[in-house]
Amino acid sequence: MTHKIAILGASGYTGAELVRLIATHPSMEIVALSGDRKAGMAMAEVFPHLRHLDLPNLVKIEEIDFSGVDLAFCALPHATSQSVISQLPTTLKIVDLSADFRLRDPAAYEKWYGKPHSALEMQKEAVYGLTEFYREEIKQARLVAGTGCNAATGQYALSPLVEAGVIDLDEILIDLKAAVSGAGRSLKENLLHAELSEGYHAYAAGGTHRHLGEFDQEFSKLAGRPVQVQFTPHLIPANRGILATVYVRGDAAVVHQTLANKYEGETFIEVLPMGQLPSTKHIRGSNFVHIGVITDRIEGRVIVVAALDNLTKGSSGQALQNANLMLGEPEETGLMLAPVFP
1 MTHKIAILGA SGYTGAELVR LIATHPSMEI VALSGDRKAG MAMAEVFPHL
51 RHLDLPNLVK IEEIDFSGVD LAFCALPHAT SQSVISQLPT TLKIVDLSAD
101 FRLRDPAAYE KWYGKPHSAL EMQKEAVYGL TEFYREEIKQ ARLVAGTGCN
151 AATGQYALSP LVEAGVIDLD EILIDLKAAV SGAGRSLKEN LLHAELSEGY
201 HAYAAGGTHR HLGEFDQEFS KLAGRPVQVQ FTPHLIPANR GILATVYVRG
251 DAAVVHQTLA NKYEGETFIE VLPMGQLPST KHIRGSNFVH IGVITDRIEG
301 RVIVVAALDN LTKGSSGQAL QNANLMLGEP EETGLMLAPV FP
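Those letters in the sequence shown? Residues 1 to 342, by my numbering.
Derived CB-CB ranges, DEER-like:
hint	residue 1	residue 2	range
1	L192	P48	17 to 27 Å
2	R51	N261	40 to 50 Å
3	G199	S67	42 to 52 Å
4	S220	R135	17 to 27 Å
5	D251	K60	48 to 58 Å
Cross-link-like lysine to any residue pairs, in silico, SDA-like; alpha carbons within 20 Å at most:
hint	residue 1	residue 2
6	K38	I64
7	K93	S67
8	K139	G328
9	K38	N57
10	K93	I64
11	K115	H78
12	K111	K124
13	K188	H234
14	K38	D65
15	K221	E132
16	K188	R210
17	K188	P237
18	K38	T80
19	K93	L327
20	K188	A238
21	K93	R135
22	K221	A107
23	K262	V166
24	K262	Q276
25	K4	L327
26	K281	D175
27	K262	G165
28	K188	G199
29	K4	T91
30	K115	Q217
31	K111	G213
32	K221	A164
33	K4	L88
34	K139	L92
35	K93	T333
36	K124	D216
37	K93	L120
38	K139	T90
39	K60	V46
40	K188	Y200
It is worth saying that the hints were derived from the structure and are not from the lab. We put the CB at the ideal spot given by N, CA and C, even for glycine.
Put together the whole structure using the sequences plus the hints.
Below is the structure:
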């Protein structure tokens, strides 16, 4: 069976990544691509690296006939998804890559995104898209809310430890380095090559980053009590990749074994042998996550390091993984591309 797919917001990085991945999927066909500012253009004009593919031209969303579409990926800006998705057919399966449906509590959404949620009924049916933790719910879902890429990285490193209670929940520090594609494709002065290259800097420090809402929500749910982490992201002069260095109190051997047990059998998550640490170079362009654990020189402290590609496992690859589950396809389909190295 071939599933008819639409990608809304296909002129952005996550939209292009979805096209790249779906191109190798044996049972998905892209039948519609939207791009508001690029409407009327061929995808090859917007992304020349995709010129070998036979793709529909970009159109405005209102020009798409959704009656022949099985699933839509919404790679639209935050706040835009709420209004767009509310107007789509109720029979259509949707994977949203924005932040619009990630937070279950409307008050939390308003706190972190600065405006009231405008699609509360749809919010109630949305399933959080961290695949390895919500697999069964995703299989039955109509609307899946993709995670933030930073939030996914931190959760892969920490969620099994929080759930098992093997670390001090009041002393968790996440120091994260993120590549520039996570900021999107829109022109921004601070992302110009001359502004960004040859250095890196912290941003949204001191508890202001929006992905903290996801950490608060998911870690508190797992622990059965409020959990707040310290989190400082840094922007690095690289195109792809996230590396999260997480500092916790606990026993390193127990931490490593807990992670290994949780992810045993997971296709896309690799817990490295004790003492080995991952690199973004080793997961680039892939849907894989590498996690390493080492003992700190200070007794009782442990360092966990997680690496993933923000555009693939952190966003579009995760979205395709979830779509496979929603459509009854093998979860790994279209996602077994090896990392690109060097």
